[in-house]
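Peer 1: Residues per chain are reported as follows:
There are 2 protein chains.
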Amino acid sequence: MLERFKVPEKDRVYVPEDRIRAATEAILRHNRLTSDSAAISADVLIKNDLRGVESHGVSNGLRRYVAEYGSNKLNPTPEFKVTRESKTTMTIDADKALGIHVGPWAMQHAIDKAKEFGMGAVAVTNSGHLAGCGYYAMMAADQGMIGHCMTAGGSHQTVPTFGSKPVMGTNPIAWAAPAREMPPFLFDVATTQVANNKIGLARRTGAKIEGGWITDLEGEPIMQEIDPPDTGDYYLLHIGGTRENGSHKGFGLALMNEIICNELSGYGPGPVNGTPGGHFFQAYDIEAFTDREKFLDDMDDLLKVIVDVPPARGFDRVIYAGLMEDEDEKKRLEEGIPYHREVIEWFESYCSEAGITCDLR
Amino acid sequence: MLERFKVPEKDRVYVPEDRIRAATEAILRHNRLTSDSAAISADVLIKNDLRGVESHGVSNGLRRYVAEYGSNKLNPTPEFKVTRESKTTMTIDADKALGIHVGPWAMQHAIDKAKEFGMGAVAVTNSGHLAGCGYYAMMAADQGMIGHCMTAGGSHQTVPTFGSKPVMGTNPIAWAAPAREMPPFLFDVATTQVANNKIGLARRTGAKIEGGWITDLEGEPIMQEIDPPDTGDYYLLHIGGTRENGSHKGFGLALMNEIICNELSGYGPGPVNGTPGGHFFQAYDIEAFTDREKFLDDMDDLLKVIVDVPPARGFDRVIYAGLMEDEDEKKRLEEGIPYHREVIEWFESYCSEAGITCDLR
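Chains as they are written, first to last, in this note's numbering: chain R, 18 to 378; chain P, 18 to 378.
The following block holds chain R by itself, in its conformation from the complex (with noise of 0.2 Å):
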């Protein structure tokens, strides 16, 4: 992530891993949640902020799950529904369970899948929001697969290549693979130049938003940097920003997301059924294809070119996606999460309400 998304010095607040851990399953058992439900959606979010993929944790989500399931747009004791299955594949009704809730259940299915047939995938219709998908791609990682994630919801956000208004999400996707002594390689993107969370993210850090990042709502790329527009007063652009740049690049690549998260699933257009849309697991079994110790030797020989490169001008060094990450876990398990100070009064003041004992600081 830019270093303009992190919280700033002077407002941070580090809690250790297993407080803020255990504040978020207990606010999610008092929204109705069974203490293993709870765990393991908490788990999304706590590795997405040890990881510094702070705008997919608690910050943003949670105060929305909690709104979401107070006015029942979530069930917290879904039922899932297998609504087809073939030797490789899953389609799934969650019953409108928060996708961090069912993502993992989905994900671990596509894993076992691929360990019996060499390739998995879970399609997921009806549920609530994923908090990203390096989550779910780095299941697969963790087990020895290569993961496969992507979801398609929240429409009309994006406006396509030489469009003047928003069809899409911001439609994610991400991909892991394991390595040996290297971290795993960890990809795990927006298919917008930002993520639609970054631009919260910088309203409550002060950052600002970079040309061609986002337009006006006639769909007009806004080139110069300015400070984050409110809600409602911008779109995003595809991955490119502009056609010359590349944008019909992001924009199809959300396309595929879109086709697989919502047709391939059933749901039907996310431009014309709204949200919340489909998402996508996918597994491969390396074993498959190759003998898994020589790929894990590549891999490590691979990342280590990558990051032997030696840097551009003005630039330290050469990373990869996940490299960050892993460098982030290690050093924020140690030393705690730095959560915005916002953040924690946030859950002081839940906790303090609802009567849940909160222990942060």
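Rather than coming from a laboratory, the hints here were simulated on the basis of the structure.
In this text, all values refer to a predicted model and were calculated from it rather than measured experimentally.
Keep in mind that the hints are not guaranteed to be accurate.
Copies of the same chain are indistinguishable here, so a pair counts whether it falls within one copy or spans any two.
Stated by the list, open to error - Below, a list of computed lysine-lysine pairs in the DSS-like style, where the Cα atoms sit at most 27 Å apart:
#1 98 <-> 113
#2 27 <-> 113
#3 321 <-> 90
#4 90 <-> 347
#5 132 <-> 98
#6 321 <-> 348
#7 132 <-> 104
#8 27 <-> 182
#9 182 <-> 347
Given chain R, put chain P in place with the hints provided.
Peer 2: Structure of chain P alone, referenced to chain R:
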């Protein structure tokens, strides 16, 4: 493809599809391919040319392939060896087959496995140039499936984010999905700002290279518009261009491609082992996830939403990946394919020297 890469009107020679196909097949047979193999290989190039993807048709490809057959870098009569197989996967040693020779065979095996098990994937090593990925993804769409293809050929062309030296190739990716009435989705791109072949096309057509597409030999992005430099005088940039504009997203996509095409196939790191790297072909059976008829209707609805978006100021219409390719194909089947006269002169001179009948005008 951007207008600048099209053959300028004054240099165009329109050739009927059946004539350029016959000449291409004859040249491949002259290089000791069987009639069947020549027909299969030529079909990839001619379909690319019909679809307006002339960067991956006969213009740039054929003379290179002929040279590679001539120097025994390629094997015109390869035996494909299955080095590993599971229910849903296969890994193939292509015995130095040209990519356009083994590719259609490999993709069909992925499709056949998907028919039986829901998904299928084939990884190929020891093979030459694939001529882009779109053709193979479209094979699945033509058979009512979602298709996916990648190739990691050509290392040391593209500079990673923050780096000064190139590591990977242009690592192209494609996905395709069928619709009912609307032209199919066909997303087929390099994970660089611009495919290397396009620099060659630009030299032929006299087009300019946009700022943020390539770097100098110190890895410094060239940010102004320039004439296309000579081969060896530049490196490519990943999708996005600069870090602030999201090149880490293009870099991550390229790395995902490298990991699946080269490490998962057992070939090993492209930046270490050099070319040729691996190819990857995957098919998803729509019926394994949802009702195929509903999928096709949903695809039509989705794609109509996109083309109905009002264009932004200065643009005529909004398109999706695959729409213009479909329009080009219809038009070119009628009018002939517009080749640069220099390409046709090469055909005529090659055919004359080889004693092949080659009736192109």
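Peer 1: Determine for every hint whether it applies to the structure shown.
Peer 2: We went through each hint and held it up to the structure:
1. 98 <-> 113: For residue 98 and residue 113, only the intra-copy Cα distance (11 Å) is at most 27 Å; the inter-copy one is 48 Å.
2. 27 <-> 113: neither (39 Å within a copy, 60 Å between copies)
3. 321 <-> 90: Close neither inside one copy (46 Å) nor across copies (30 Å); limit 27 Å.
4. 90 <-> 347: neither (36 Å within a copy, 47 Å between copies)
5. 132 <-> 98: The answer is both: 22 Å in one copy and 24 Å across copies each meet 27 Å.
6. 321 <-> 348: within (21 Å within a copy, 49 Å between copies)
7. 132 <-> 104: Cα proximity of residue 132 and residue 104: in one copy and across copies (11 Å, 11 Å).
8. 27 <-> 182: neither (39 Å within a copy, 38 Å between copies)
9. 182 <-> 347: Neither. Shortest intra-copy (42 Å) and inter-copy (29 Å) distances fail the 27 Å Cα cut-off.
Hint check: violations occur at hints 2, 3, 4, 8, 9; the rest are consistent with the structure.
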